[in-house]
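*Asks:* The primary structure of each chain is shown beneath.
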Amino acid sequence: MLSLTWIEELQAFLHPEQIKRNESFHPLGNDGAVAVYPRTEEEIAAVLRYADRHDKKVVIAGRGTKRGFGGQREQADILLSLEQYTGIVEHAAADMTVTVKAGTKFGDLQRALAPYRQKVALDPFWPEEATIGGVIAANDSGPKRLGYGSARDSVIGLRIVYPDGTIIRSGGKVVKNVAGYDMNKLFIGAMGTLGVLSEITLKLRPLPKYESVVLLSFPTGDVHDIRSFAVSFLDTMMEPVCFELLNPALSERLTGQPVYTLVIGFEDVENAVHYQEHWVERLRPKAVEMSILVGEEASAFWRTFYTAAPNGRLAMAENGVEAAVKIGVVNLDVLSILRESVLIADRCHVRIEAHGGLGHGLCQAYMHGGEEGVLTAIEELRQTAVRLGGYAIVKHLPLSLRQRVDVWGGKPAYFFLLEGIKRKIDPNKTVNDQRFIGGI
Amino acid sequence: MRKRPIATSDPHIQALARIVGEQAILYRKEDLMAYDCDGFTVHRHLPKAVVFPNSTEQVAAVVKYCHDHDLPFLARGAGTGLSGGAIPLNGEVVISLTRMKRLLHVDLENRRAVVEPGFVNLKLTNSVAHRGYYYAPDPSSQYCCTIGGNVAENAGGAHCLKYGVTTNHILGLEVVLPNGEVIEIGANGVPDPPGYDLLGLLTGSEGTLGIVTKITVRLLKNPEAKQTVLAYFDEVEDASQTVSDIISAGIVPAALEMMDQTAIEAVEAAAFPVGHPKDIAALLLIEVDGISAGIDEQIDDILTICRRHHVREVKVAQSEEERARWWANRKTGFGAMGAISPDYLVQDGVIPRSRLPEVLNEIANISRKYGLRIANIFHAGDGNLHPLVLFDASKPGETERALAAGSECLKACAAVGGSITGEHGVGIEKKEEMRFIFTDEEILAQTAIRDVFNPKNLLNAGKLFPTPGRCVETKTPSTVK
Chain A
1 MLSLTWIEEL QAFLHPEQIK RNESFHPLGN DGAVAVYPRT EEEIAAVLRY
51 ADRHDKKVVI AGRGTKRGFG GQREQADILL SLEQYTGIVE HAAADMTVTV
101 KAGTKFGDLQ RALAPYRQKV ALDPFWPEEA TIGGVIAAND SGPKRLGYGS
151 ARDSVIGLRI VYPDGTIIRS GGKVVKNVAG YDMNKLFIGA MGTLGVLSEI
201 TLKLRPLPKY ESVVLLSFPT GDVHDIRSFA VSFLDTMMEP VCFELLNPAL
251 SERLTGQPVY TLVIGFEDVE NAVHYQEHWV ERLRPKAVEM SILVGEEASA
301 FWRTFYTAAP NGRLAMAENG VEAAVKIGVV NLDVLSILRE SVLIADRCHV
351 RIEAHGGLGH GLCQAYMHGG EEGVLTAIEE LRQTAVRLGG YAIVKHLPLS
401 LRQRVDVWGG KPAYFFLLEG IKRKIDPNKT VNDQRFIGGI
Chain B
1 MRKRPIATSD PHIQALARIV GEQAILYRKE DLMAYDCDGF TVHRHLPKAV
51 VFPNSTEQVA AVVKYCHDHD LPFLARGAGT GLSGGAIPLN GEVVISLTRM
101 KRLLHVDLEN RRAVVEPGFV NLKLTNSVAH RGYYYAPDPS SQYCCTIGGN
151 VAENAGGAHC LKYGVTTNHI LGLEVVLPNG EVIEIGANGV PDPPGYDLLG
201 LLTGSEGTLG IVTKITVRLL KNPEAKQTVL AYFDEVEDAS QTVSDIISAG
251 IVPAALEMMD QTAIEAVEAA AFPVGHPKDI AALLLIEVDG ISAGIDEQID
301 DILTICRRHH VREVKVAQSE EERARWWANR KTGFGAMGAI SPDYLVQDGV
351 IPRSRLPEVL NEIANISRKY GLRIANIFHA GDGNLHPLVL FDASKPGETE
401 RALAAGSECL KACAAVGGSI TGEHGVGIEK KEEMRFIFTD EEILAQTAIR
451 DVFNPKNLLN AGKLFPTPGR CVETKTPSTV K
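Chains as they are written, first to last, in full-length UniProt numbering: chain A, 1 to 440; chain B, 1 to 481.
Calculated from the structure, these hints are not laboratory results.
Misleading hints may appear alongside valid ones.
[Unchecked claim] Some chain B residues judged to face chain A by a derived CB distance under 7 angstroms, without partners named:
no. : residue
1   : Val190
2   : Tyr196
3   : Arg353
4   : Ala415
5   : Val416
6   : Gly417
7   : Gly425
8   : Val452
No experiment lies behind these values; they were computed from the predicted model shown.
Beta carbons: idealized from backbone N, C-alpha and C, even for Gly.
Whenever a hint applies, use it, and build me the whole structure from the sequences.
*Replies:* Right under this line is the structure:
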């Protein structure tokens, strides 16, 4: 521990109980020799300023659900955890905006807004454990992105602690704003490589007056049937908030039926929801089974859904490894990705549970199997995505395997711009070094 | 454009003419006059030349030439911008994108279209309307403004309350960088391309980071039903409270617009009068859309809220024709000021909508202080105010007074936690007002990003950011690396 005497210098601005030495190594990496738990923005700034001046590397974390997402390091010098930096700074209910500290759990935030019949219109995975800061930094989104958009559509303002400890605000507290560059966008999905998100201001939506989930099970397994139903339904004027296809493996877990299942969510006044359910009923092919979940049944379905993804806070899988891959393609090509997920699972002897939105083009594939099988499956899935003009990034994988696969799938032709932005904001590579695309 | 052989010894003009063709360049003073300003007419400056490229390759070649020869340059669409973003302050080579106006691709199954930057906003909706689709951002100038310009300014419109502004509808861009290099972001319009969100950064960068040459946009399906309500109030306060209550009732209107008495006087005197009573204090134009089975319930709620706040008269549009008349009256509102004032200046502040009554009061005070009438036409639902300062430029000192009054309106917006621009952009007009909401450090953080894209600062220099403050270390592009 002699080499770690610098840790005591942290006590100049943190209480001893906010500093914990780390004796063990986490198999997902992204750890720190010391973990610090700031409770104020000043403390966050002090830690970063110290690190930036003393050539220390900092890994930023919320509660660790995304610990397996990117990163080439077992351990940085400092793990900066925001789990004690929590709470709502301001909820302007009449303006439908909220400002919240980054370490606040997503579920806690939604519960605080619910009495006002308001919500943040995002549906990230593991809402009861993930922090709002992590959701924004990793640009996490779920199936309801179709209806409500993603983080870039909800975030209206940020306070960012730059790597040198400067506080920079981007955006503001109003829902419409074009003053200066839209700097918010830079930090959303930046994986913490440009600083620490301190406070996040979001625009809110009203809670729906009524909601339901329609499940359509396609017994034949022929994706052409699904495609023609999807094309005709999406061409109507119905307004589903999600239109998500589950592959048979995921459907088995969520509905008990190992067949392709389409999950169509409606949120509106009750009349309008039922009216749209009737449209589904009318358009569905005869052989397709339809069921409708409401109330607690619907909530239970979504709870299981959002916790189907691997979670960096949980114990590592036994008998093999877990992986999560996010794939982006043109909307209807989601069908090809899901069909391919079934074939690849067979070929590589891994289990792949996958879902994707036919109205927005993003898929998630959760894998479980032997190391080599999982690596091959990731590679094959990526090849399929690239062939379709899309991409695949790895959202969860043990560190040892992240060192063998390019999590981000290569660099875009304009990588020099990304590198240039990083260099301007974090010239010493103090925060989340190597966590992002091309080793940024 | 006119066909005349190039008659100048300026080697730059000759070189640019070789790139775009002799018939696609203007350089004579009398030809350049039309390009000395955009929709912001207070400042004027002649460009060095105007070129009309017809392809990405030509744009890239012009840009590369300018870059290599240290010639300042900027891009221009239809020139409808309201903050001076396309004014050639430094005698720029203006790259007009009006010849690049093709609709390249429509894919309704995947709800997207690819357009060239000079393609007119409304034409896109018109091109897909027969299949029941539309392009959502609808700035009031949509019949003539270009989508390239919309991207540069992150244009909004009356219906962005529910559907978002331009940035929420851009899936991919082809961009010519300030050194002439061409990049493609969001290839095929696939969402969340890995890396920092350059689509989001470029949209609304007011033509200072690159020149967009191809745009992939999201298309939406028309709503099944649409109802429009017009409500007249005797007190501005009542209209403001109605706005708040509609929002807090959990209704997300497609549009929620307000006009005050002065504005009503103007629109009724202009080309599209609809017979609004002239003695009311404010009117609200409210539109809800969505699933037909849910609309009546929302309209009932809105009518109840209006009545609770002492509405004098409230009516629901009985036909598409009536609805269209109400909207034409609203959308031509800025120009209508010409009917009651020789000149006007439009501002674009944003406030938290709960502060509407006090800020409107403050604007009335500013009006009295400067002895200038101020009309208000605005997007009440998202708190985006458009105070229109009426003045007469022929009277000495009145233009300066109007500018000062406009700036003070923005200060009032900033003071309640708002912003100095919601959709018109900063441009030249509001550069100094950036200081109302950002610190010098925050402005430097933004110019640092500009330096990554535009290190020589030849592209649209002198826009968007105030001149650096004295107390901060000032950086010039050449000293920053």
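*Asks:* Look at each hint and say if it fits the structure.
*Replies:* For each hint, the structure was consulted:
| no. | hint | result |
| --- | --- | --- |
| 1 | Val190 | holds, 4 angstroms |
| 2 | Tyr196 | holds, 5 angstroms |
| 3 | Arg353 | holds, 6 angstroms |
| 4 | Ala415 | violated, 13 angstroms |
| 5 | Val416 | violated, 9 angstroms |
| 6 | Gly417 | holds, 5 angstroms |
| 7 | Gly425 | holds, 6 angstroms |
| 8 | Val452 | holds, 4 angstroms |
Of the numbered hints listed earlier, those contradicted by the structure are 4, 5.
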